[in-house]
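Number of protein chains: 2
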Amino acid sequence: MSALSEFSLIHHYFETLTPQREDVLLGIGDDCALLKCPHDHVVAVSIDTLVAGVHFFADVDPQSLGYKSLAVGLSDLAAMGATPAWFTLAITLPELETNWLKSFSQGLASLAKEHNIQLVGGDTTRGPLTISIQVHGFVDPKKALQRSGAQLGDMIYVSGCLGDAGAALQYQLNQWDDAKLTDQDKQYLKQRLERPTPRLSLGQSLSELASAAIDISDGLLADLGHIVEKSGVGARIDLDKLPLSSALSKIDRKIAQGFALESGDDYELCFIVPPQNFSQVEKDLKGQVTRIGMITDDKGIYYLDKDDNLSPLIGIGYDHFAY
Amino acid sequence: MSALSEFSLIHHYFETLTPQREDVLLGIGDDCALLKCPHDHVVAVSIDTLVAGVHFFADVDPQSLGYKSLAVGLSDLAAMGATPAWFTLAITLPELETNWLKSFSQGLASLAKEHNIQLVGGDTTRGPLTISIQVHGFVDPKKALQRSGAQLGDMIYVSGCLGDAGAALQYQLNQWDDAKLTDQDKQYLKQRLERPTPRLSLGQSLSELASAAIDISDGLLADLGHIVEKSGVGARIDLDKLPLSSALSKIDRKIAQGFALESGDDYELCFIVPPQNFSQVEKDLKGQVTRIGMITDDKGIYYLDKDDNLSPLIGIGYDHFAY
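Top to bottom, those sequences are chains H and X.
Heads up: the first sequence begins at -10 in this note's numbering, then just goes up one per residue.
Heads up: the second sequence begins at -10 in this note's numbering, then just goes up one per residue.
Keep in mind that the hints were calculated from the coordinates and are not lab data.
This list has only true hints and no planted wrong ones.
It does not matter which identical chain is used: a pair holds within one copy or between any two.
Pairs of lysine-lysine, DSS-like flavour, derived with a Cα cap of 27 Å:
id : residue 1 : residue 2
1  : Lys179    : Lys91
2  : Lys175    : Lys230
3  : Lys219    : Lys25
4  : Lys131    : Lys25
5  : Lys230    : Lys219
Here chain H stands alone, though its shape is the one from the complex (with noise of 0.2 Å):
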């Protein structure tokens, strides 16, 4: 088999991978995917890039790289209340190995079979391995979620907990340990950082109720920092408060939330409610989002120190080039 017959076997391959959707008039295959937009909606688009030895271990299971280069641009779906739809994936690759694809495959198509978003459409060229995927979803332009709405006197709010996927990548790079993790505490801080979850059905819940959000990709501090900076606002968080899974709630305090206010790849919800939906967010998303601070006039990131100062939190989040 020719390398050129190898190379329109993944084309075929692809084609059926992920979900059929009515709204694709013509999927891959031609030079141009075709795609029907509803009428009371807009489409909203992120395009993200996950580098070999930057972004992933180049060694890492393939299966887990599948559903992560996914799960980050449906991530910032969520991020701003829309409904997945169709993407596209760019990928770059050393040589063609069957069995590599197969498994990178499997882990995106069980991810896009989840939030019934289609791909359809492609390029796979060959060098150092490089994904890039774009996704596209609809939201009601009305009640997309910005980064810019943040008013004085709303709530600030997570989702689920922070610090997980710092803590597994700094392990990972034997740059940290703790002998107060047992295996299992290992195992799932490695999940969270491998097989992040988008949190979709709680951005489109949002979307009613928040002012502002944004995914946690570059750490909490960062990712604040673009939403008070959007917003013309400031933030002040009560440390405390910081969400830690029971693994991170075993390690030092202060470790653990350098890891929650610094590491990104958590990719949970920062979003920003105004007074008169404190009390519904409370109820209706209770156990799943924690309220964790508030807006204020003072521009940056503030917290209460032990002598109840105002001190500024300085953190730099993750640098794509500094890493």
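Given chain H, put chain X in place with the hints provided.
Chain X in isolation, oriented as in the chain H frame:
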């Protein structure tokens, strides 16, 4: 300046680089862009990746690279008869070189302005130089040009001249030269490789006239091969009709025809016209297009040899993994 602030600057820099369109409700700088589609059209999308050392020389002029990165996607829109609207850019860079990025952006922006296409999102990551661009255009679904519409008795046409980009590449790789070519000829060929012209207005005219179309990115034989395969037909080509530039007309005819048949990167259109539209195409598009053959019911692609026998043309086209 920290690496993070530099990184943010890129976003800021790209934000106003390209035309600002009214159908972009939210552009660069949030979790997703929000895009409004026209009611009577569908969205045509295509994603392409260019990898340094595979699709271009790492030391290529960055302005040409920026131009070509977008041209490749626009050519896919042309092949569907679509009108460009938006694009996203995922760029992976070994390091932040401001001058390089400025030139790259200028090349990109010049073509974006020409075709009123707005950059609406992107991702910038560190790693081996790789550029993925997804283009989005609008097309009336009843008029979209697909690969599958060719029928027995239709005629095969191409736009422009073929083989120039392939000749330029072989020359640059020191794999071919011809003493008959002047410096001006070589400059012309290089320009054709580095700055291909996406045939957008031609593609839009063809949406009423052609039964199938494709852009020639992998070589005429490979790309016409996609049309005959998808349409379940065959093709007969008149080798003497293959349109050659004045530069390639100077060299050995067989070598020139080889470039025209087998080398990629020309980004001309190959399209198929049903009998009732022959005269209109010949009249309206005179000078822009050349009839090179006809659709037959012999599966495969053939030519008439000097003894008037049908001989198969076996071309491999551009293979992303065999390059």
